[in-house]
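**Q** Using the sequences and the accompanying hints, generate a full structural model.
The sequence shown maps to residues 1 to 166 in this note's numbering.
Be a bit skeptical, because a hint or two may be false.
Claimed, not checked - Derived lysine-lysine pairs resembling DSS-like cross-links, with alpha carbons at most 27 Å apart: (1) Lys41 - Lys137; (2) Lys128 - Lys41; (3) Lys70 - Lys81; (4) Lys70 - Lys128; (5) Lys128 - Lys42.
To be verified - Distance windows between CB atoms, simulated: (6) Ala44 - Val79: 46 to 52 Å; (7) Lys95 - Ser38: 51 to 57 Å; (8) Lys42 - Leu140: 39 to 45 Å; (9) Ser38 - Asp73: 17 to 23 Å.
None of these hints come from the bench; they were simulated from the model.
We put the CB at the ideal spot given by N, CA and C, even for glycine.
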Amino acid sequence: MFKKITVFCIVITFWFITSCAVELKEEFIRGYSVVRFSSLKKYADKGFLITPSETYGANYNSIGFISIEKMLDAEAKIVEKKVEIPDPERPGRKKEITKKNREWSAPNLTELELETMIDEIYQQSRSKGADAIINFKIELIERELSNPSELQVGGRVSGFAIDRLD
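**A** Right under this line is the structure:
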C-alpha cells in the first residue's frame, strides 16, 4: 500500500511539474536601419542659423531655451490567441482556450512630423526675436504607459535661441 501511495505521489508531482512548465519558443526580431535627414537649408536661406554647436563665436543676446515635444498616438487593440492549457477534467491531456491580450501599437515619428516640429521651434524662436538656435538637438523619446511593455513614442526638438549682434 505504501508503495502505491508513493508511486501515486510521484506521478501526481511529475504531472503537476510538467503541466505547469512554460513552453519556450524560438523568436526572431528582424533588424532594420533608419536614415533620417532634416534639411535646415530653408532656414539658412532666411538668414536664420540653426547649429548643433554649443557656442556661437561672436556677440549675441540670449533669448532663451526652447524645447518642443510631440508624443504620437498609441492605440491598444484586443488580440485573441488560442493557447493550450492542461485540462483539469482529463489529467495528462490539454484543452484549447482563447486568451485575450491587449497589444499596443505606436507609430514611428515621420519625416513630416519632424519637419513640423523644426518649423514650430523656428516660428517660436523668431517670434521671441531670435535669429539663431545654438545647441540644436533632435531626440527620439519613449514613455512607458501603465505597463512597462506599453510604450508611447515621440520626439523632442530643443536648443538655445539667440539674437546675433554681428
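**Q** Could you run down the list of hints and mark each one as holding or not?
**A** Verification of the hints:
1. The hinted pair formed by Lys41 and Lys137 meets the criterion: a straight-line CA distance of about 16 Å does not exceed 27 Å.
2. Under the criterion of a C-alpha separation no larger than 27 Å, the hint pairing Lys128 with Lys41 is consistent with the structure, at around 21 Å.
3. For the suggested pair Lys70 and Lys81, the alpha carbons sit about 33 Å apart, so the restraint of at most 27 Å is broken.
4. A hinted pair counts as satisfied when its Cα atoms are at most 27 Å apart, and Lys70 with Lys128 qualifies at roughly 21 Å.
5. Between Lys128 and Lys42, the direct Cα distance comes to roughly 19 Å. Compliance with the 27 Å bound is thereby established for this hinted pair.
6. Distance hint for Ala44 and Val79: a CB-CB separation of about 47 Å, consistent with the stated range 46 to 52 Å.
7. Checking the proposed 51 to 57 Å range against Lys95 and Ser38 shows it holds: the Cβ atoms sit about 55 Å from each other.
8. About 22 Å separates the C-beta atoms of Lys42 and Leu140, a value inconsistent with the hinted range of 39 to 45 Å.
9. The supplied range of 17 to 23 Å is met by Ser38 and Asp73, whose beta-carbon atoms lie about 22 Å from each other.
Going down the numbered hints, you'll see the structure goes against 3 and 8, while the others check out.
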